[in-house]
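Visitor: Sequence:
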Amino acid sequence: MGNLIPAFSFVLAIILRTTKLDWRVTSGQAKIIGTFISISGGTLMILYKGPLVRKTAFSAPFHHLELIPRHFIFSSTPEYWALGGILLAVASLSASVWGIIQVGTVKQYPEPITIAALYTSMGTIQSAIVAFVAERNLSAWKLELNMELLLIFLSAIFGSAIRCSVHIWCMHNKGPFYVPMFKPFGIIIASIASVIFFGDSLHYGSVIGAYIIGIGYYTLMWGQIREDDMKAGGEGIDSSEQKVPLLQEEEQV
Numbered sequence: 003m004g005n006l007i008p009a010f011s012f013v014l015a016i017i018l019r020t021t022k023l024d025w026r027v028t029s030g031q032a033k034i035i036g037t038f039i040s041i042s043g044g045t046l047m048i049l050y051k052g053p054l055v056r057k058t059a060f061s062a063p064f065h066h067l068e069l070i071p072r073h074f075i076f077s078s079t080p081e082y083w084a085l086g087g088i089l090l091a092v093a094s095l096s097a098s099v100w101g102i103i104q105v106g107t108v109k110q111y112p113e114p115i116t117i118a119a120l121y122t123s124m125g126t127i128q129s130a131i132v133a134f135v136a137e138r139n140l141s142a143w144k145l146e147l148n149m150e151l152l153l154i155f156l157s158a159i160f161g162s163a164i165r166c167s168v169h170i171w172c173m174h175n176k177g178p179f180y181v182p183m184f185k186p187f188g189i190i191i192a193s194i195a196s197v198i199f200f201g202d203s204l205h206y207g208s209v210i211g212a213y214i215i216g217i218g219y220y221t222l223m224w225g226q227i228r229e230d231d232m233k234a235g236g237e238g239i240d241s242s243e244q245k246v247p248l249l250q251e252e253e254q255v
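The working numbering applies: residue 3 is where the sequence shown begins, and numbers increase by one.
Read the hints as simulated data drawn from the structure, not as lab findings. Not one of these hints is a red herring.
FRET-style restraints, in silico, Cβ to Cβ:
(1) Val-13 x Tyr-213: 17 to 27 Å
(2) Lys-233 x Val-99: 23 to 33 Å
(3) Thr-45 x Ile-191: 18 to 28 Å
(4) Val-55 x Met-124: 37 to 47 Å
(5) Arg-228 x Met-149: 43 to 53 Å
(6) Val-13 x Tyr-50: 21 to 31 Å
(7) Asn-148 x Met-232: 50 to 60 Å
(8) Glu-137 x Asn-175: 37 to 47 Å
(9) Tyr-111 x Tyr-213: 37 to 47 Å
(10) Ala-195 x Ile-131: 22 to 32 Å
Even for Gly, the Cβ is constructed at its ideal location relative to N, Cα and C.
Between the sequences and the hints, there should be enough to build the whole structure, so can you do that?
Guide: Following this line, the structure appears as structure tokens:
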């Protein structure tokens with residue numbers, strides 16, 4: 003579902019008029035087609051589960067985590083997968099809005115580490131409020147020196163602090179479309195990790211939907227890259243045209 007972020011970012015950029023869309027050129031048509039393909043793939047992942055691709059035949063190292071009470075949509079029973087997919091789509095939309103806002107924020111205040119610290123701090127406060135409302139039993143928040151604590155610690159370091167800092171730094175230097183460019187690799191990494199560490203099984207609906215989203219994603223990115231190349235080529239032509247008369251005048255003198 004993270005591959006929907008480029009499509010959402012493109013739609014929001016048009017609505018907010020931060021980018022221009024020319025229907026007559028190939029790059030504009032590719033961006034529109036890629037957006038619709040990505041959204042179609044995301045819808046397929048939500049509505050269609052499909053048969054089992056392959057069931058895990060070995061014991062995962064973190065299989066004991068299945069015994070933990072599951073309070074989240076993504077780890078609950080299959081009856082809630084549709085609702086979980088919708089929530090993931092909303093999360094992708096929020097991430098797209100966040101990316102567009104961060105680009106403007108970094109331009110006004112070019113301090114990626116400070117912005118990342120404020121972002122993670124506010125996220126921690128909001129998450130704590132929602133979590134305490136959802137789970138009021140204080141004994142459930144007790145942490146012990148085990149694998150769960152290690153996972154929480156590593157998620158805080160790599161999933162929040164380092165990731166946010168790198169994302170903001172990349173958006174400051176390359177723009178909002180550079181970070182989503184690598185989103186399709188997340189599906190491959192997540193699928194491999196879920197099978198190896200948690201013993202999850204893949205379904206054809208997820209595989210087909212991810213494949214369609216990937217096609218739409220790269221179509222959208224191809225249109226964006228082609229548009230950037232056309233702009234760079236146009237600037238080069240303009241600059242060369244301005245220099246030719248000067249050279250001719252020097253030759254005549």
